[in-house]
Amino acid sequence: MSSESTQIADLVKRKYQHGFVTDIEQDTVPPGLDEGVIRLISAKKGEPAFLTQWRLKAFEHWQTMEEPTWAHVRYTPIDYQAISYYSAPTSNPNAPKSLDEVDPKLLETYDKLGIPLHERARLAGVAVDAVFDSVSVATTFREKLAEAGVIFCSFSDAVRSHPELVEQYLGTVVPTRDNFFAALNSAVFTDGSFVYIPKGVRCPMELSTYFRINAAKTGQFERTLIVADEGSHVSYLEGCTAPMRDENQLHAAVVELVALDDAEIKYSTVQNWYPGDENGVGGIYNFVTKRGDCRGRNSKISWTQVETGSAITWKYPSCVLRGDGSVGEFYSVAVANNYQQADTGTKMIHIGRNTRSTIISKGISAGHGQNSYRGLVRFLPTAKNARNYTQCDSLLIGDECGAHTFPYIESREPSGRVEHEATTSKISDDQLFYCRQRGLSEEDAVNLIVNGFCRSVFRNLPMEFAVEAQNLLSVSLEGAVG
Amino acid sequence: MSMLDIRNLYVSVDGNEILEGLDLTVRPGEIHAIMGPNGSGKSTLAQVLAGRDNYSVTRGEIVFQGRNLLDMAPEERAAAGLFLAFQYPIEIPGVNNTYLLKAALNAQRRARGEPEVDAFDFMRLIRETMKTMQMPEEFLQRSVNEGFSGGEKKRNEVLQMLVLKPSLAVLDETDSGLDVDALKVVAAGVNSLRDPQRSMILVTHYERLLELIVPDFVHVLAGGRIVKSGDKSLARELDARGYDWVLKEARAV
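Listed in order, the protein sequences are those of chains A and B.
Residue numbering for the first sequence follows the numbering used here, starting at 228 and increasing by one per position.
Residue numbering for the second sequence follows the numbering used here, starting at 17 and increasing by one per position.
No lab work stands behind these hints: they were computed from the structure.
The C-beta atom is built at its ideal place from N, Cα and C for all residues, glycine as well.
There could be a bad hint or two in this list.
[What the hints assert, rightly or not] Derived DMTMM-like pairs: lysine to aspartate or glutamate, alpha-carbon spacing no greater than 25 angstroms straight-line:
1) 169/B - 671/A
2) 118/B - 657/A
3) 653/A - 255/B
4) 248/B - 162/B
5) 653/A - 69/B
6) 181/B - 491/A
[As the list claims (entries may be wrong)] Here's a subset of chain A near chain B, in silico, CB distances under 10 angstroms, partners left out:
7) 664
8) 666
9) 679
Make the full structure from the sequences, and use the hints.
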C-alpha cells in the first residue's frame, strides 16, 4: 500500500453531526405488519373509508410482490415483521398545532438540527413542515400561504381538510402496485407533506419539509403529494436526518408531483440520513420512489438532489413528460463514502410532442463507497421531436471505491434526439499537490475540487440551500482524502 | 540569514537516485538559474523544494529562512513564501481560476496570522495584475487551466505568483513553449517582482530566458549535483558550446 492510500485509509472518517436522540415520550405500535396494523394506523389518523380501503388493497398486493434485487447494492434482508410501523410523540395528538403549542423538546430538536422553527417563522422566507417519525409536528407560515390560496400542510391534515384533492390525485403518479417499496408505503404511510398551488399562483415563498427519524426500530414511511395547478409555480425542498444507531432503519417514502398546463415544480432534496459508521455498521436504508407527472402542456418538473447520507440509497426521481412541450430535469450529486452504497438516477419518459429532458448526474465515491448511476430515457412513438441531454460524471477519491453507470436509452421515435456524455475521473495527486502548493490545506483542496465537480448541480439549488449543500458535502467527505 | 540552504541533498524516486549530493545557497534578492541536460534532476529539485511526496530525501537537509523545509507540509511552505511555477500546470475542471487564487491567498494569509483580503480588494488586485500579464478579462471566469493553451497556462502561473508575492519563487521551465512575445510578457512579470528581499530559482534549458531575466548566478546541474557555477556569461557559453565540455571538466575533477 502506498503512503498515499494509507493516508486515505487513515483519513476516511466522517463525522455525522445529527446523530443525537430526542428523549420524548412516544406512542409506538408493536413491531409487525398485518391488516390489523394498517387498520390501526388508519384509525389513529381518523381517515375516511376510501383511504383505509386503498391501504388494504396496496397491502394485499404487496404481499404478492418480491423485493427487487436488480440494484447494485448489497444488504442483509429486511425483516418486515421486526419493524414498528407507527411512532408518534404522545404530546402530539394527531393534528399539527400552532408553534406555541408544540412540545418544547421537539422545538429544541429542530433547533439542534439547525432548523429553528420559531426563527424560520419570523425571519426566513421559508415555510417548514416538520415531520418527526410518523407524524408532522408543526407547519409554519400556513396562514400567510393560505392568503395566496396555497395549501401547505401535513398529509394527515390534508386527508381531513381536503379529502377531495387527496382522493383525486393520490396514487395517480405512483400507483400502489408500482413497485415493492411503493406498495409497502401505500399500505403503511403515516405522514408527509401536502401542497396544492392554485391556478396562476406563484407560491410566495420556498416550501420545505424536514424529516426526522427519532424512534428506534421503526420505519419511516412518508408520502408527499404536490399538485401545481395550471400556470402555477412552486419551489420545494426536503431535508432529512436521523440518530446514529447500530441497527439499520428503513425509510421507504413516496413522492408524487403533478404539474398541470404551464405549471412548474422545482423539487430539491438535501438527504443526510445517518450513513452508518466508518465500518458500515448502522445507517438508514433509503428506498424511495419519487416521480413527477408533467400532465399539462408546457409544464416543467425539475428534481435537484444532494444525496450525502444513508447506508443504502435506492432512488430514481423521474419525470413522465405527458404534456406536449413539457420539460423534465434531474440534477444530482450523490456521495458514497465509507461503506455507503448508492444506486440512484432517474427516468425520463417522453410521451408528448416536443418534450425535453436534461439529466446531470455527479457521483462521488470515496472510502469503500459504491456509487451507481442508473437512468432510463424512453421516447414513446408519440414523442415527436423529443430531446434528451444526459451528462453523467463520476469522481473517485482513493482507490478502494467504485463508480458504476447503467444508462438505458429506448427511442421508438425517429425524430427524437438523445445525447449522452459520461466521464469518470479521480481527484489526482497532481490536482491536490497543485492546490496545496498554492497554500490550501488538503481538506480545503478536496472540497474545492469536489465543489468544482458539482458546480453545475449546485447552481440549480435555491440560493439558501446551495451553501448548505456545499457545507454538507464537505462534512460528508471530511477526511475522505489523502 | 540565507533564504535557502541546500546541503548534500540526496533524492530518489522509485529507488532511483536523482540528486546525489546537491549543495546550493541562495541569499535574499538573488536570482539563480539552474541549467543542465535533460534528466539531470532540475525538475526533481523544484518538486522537492515544493514538497511533492513521491520524492524521497535520503540524505542532506534544506533550510528555508531558518526553518527545516523538509518538516513542512506543502501548504506550510507556501504560506512561508515558497512558490513553484509548475512546468505542467494542472487543470481543475469547474473550479474558477479567480476563486482558487483568492482561496489560496487567503489561506496563506490566515496561516501567517494576517487578515483576509476582501472580495473587493482582491478583484482590484487581480485586475491590475492581469493587465501586467496581458491577460483578457475572460480569464477571471474560466476554470483553472482548463482548455488553456500552453502559453496561457504559463502566464497564469506567473499571474498567481504576482498575486501571492512569494519570498522564494521557483520557476520550472516557465519559458518552455512560449513564443517570443509571450516570453517577454512573462519575463516582465517576473522582473516586476525583483526585490532585495525576494529570491528566485529559474530552472531552464534556454539561455534566451536569461537574457530577459538576468540571473546573479548560473549553475549547471548534471548527474544529480551542481558541477559548475558562474555568472550570466556561463549561460551564454553553454548556449554556444553545449554541455559536453562542462561534463568532461566535471569528470576530470
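Discussion item. Check the hint pairing residue 653/A with residue 255/B against an upper bound of 25 angstroms on the C-alpha distance.
Written reply: Violated: residue 653/A and residue 255/B sit about 42 angstroms apart, past 25 angstroms.
Item to complete: Verify the proposed pairing of residue 248/B with residue 162/B, using a straight-line Cα cut of 25 angstroms.
Response: Outside the cut-off at roughly 36 angstroms; violated.
Worksheet item: Are the Cα positions of residue 169/B and residue 671/A separated by 25 angstroms at most?
Response: holds (23 angstroms)
Discussion item. Between the alpha carbons of residue 653/A and residue 69/B, is the straight-line distance 25 angstroms or under?
Written reply: Holds, because 18 angstroms separates the two Cα atoms, which is no more than 25 angstroms.
Fill in: Agreement of residue 181/B and residue 491/A with the hint, judged by alpha carbon distance not exceeding 25 angstroms
Violated - the C-alpha atoms of residue 491/A and residue 181/B are around 50 angstroms apart, more than 25 angstroms.
Worksheet item: Between residue 118/B and residue 657/A, does the CA-CA distance stay at or below 25 angstroms?
Response: With Cα atoms ~20 angstroms apart, residue 118/B and residue 657/A stay inside 25 angstroms; holds.
Practice prompt. Go through the hint on residue 664/A and say holds or violated, using the shortest Cβ distance to chain B against 10 angstroms.
Written response: holds (5 angstroms)
Fill in: Status of the hint placing residue 679/A at chain B (closest C-beta pair under 10 angstroms)
holds (3 angstroms)
Worksheet entry | Interface restraint verdict for residue 666/A against chain B (beta-carbon cut-off 10 angstroms) | Since chain B brings a Cβ to about 4 angstroms from residue 666/A, closer than 10 angstroms, the hint holds.
Hints 3, 4, 6 from the list above are not met by this structure, while the remaining hints are.
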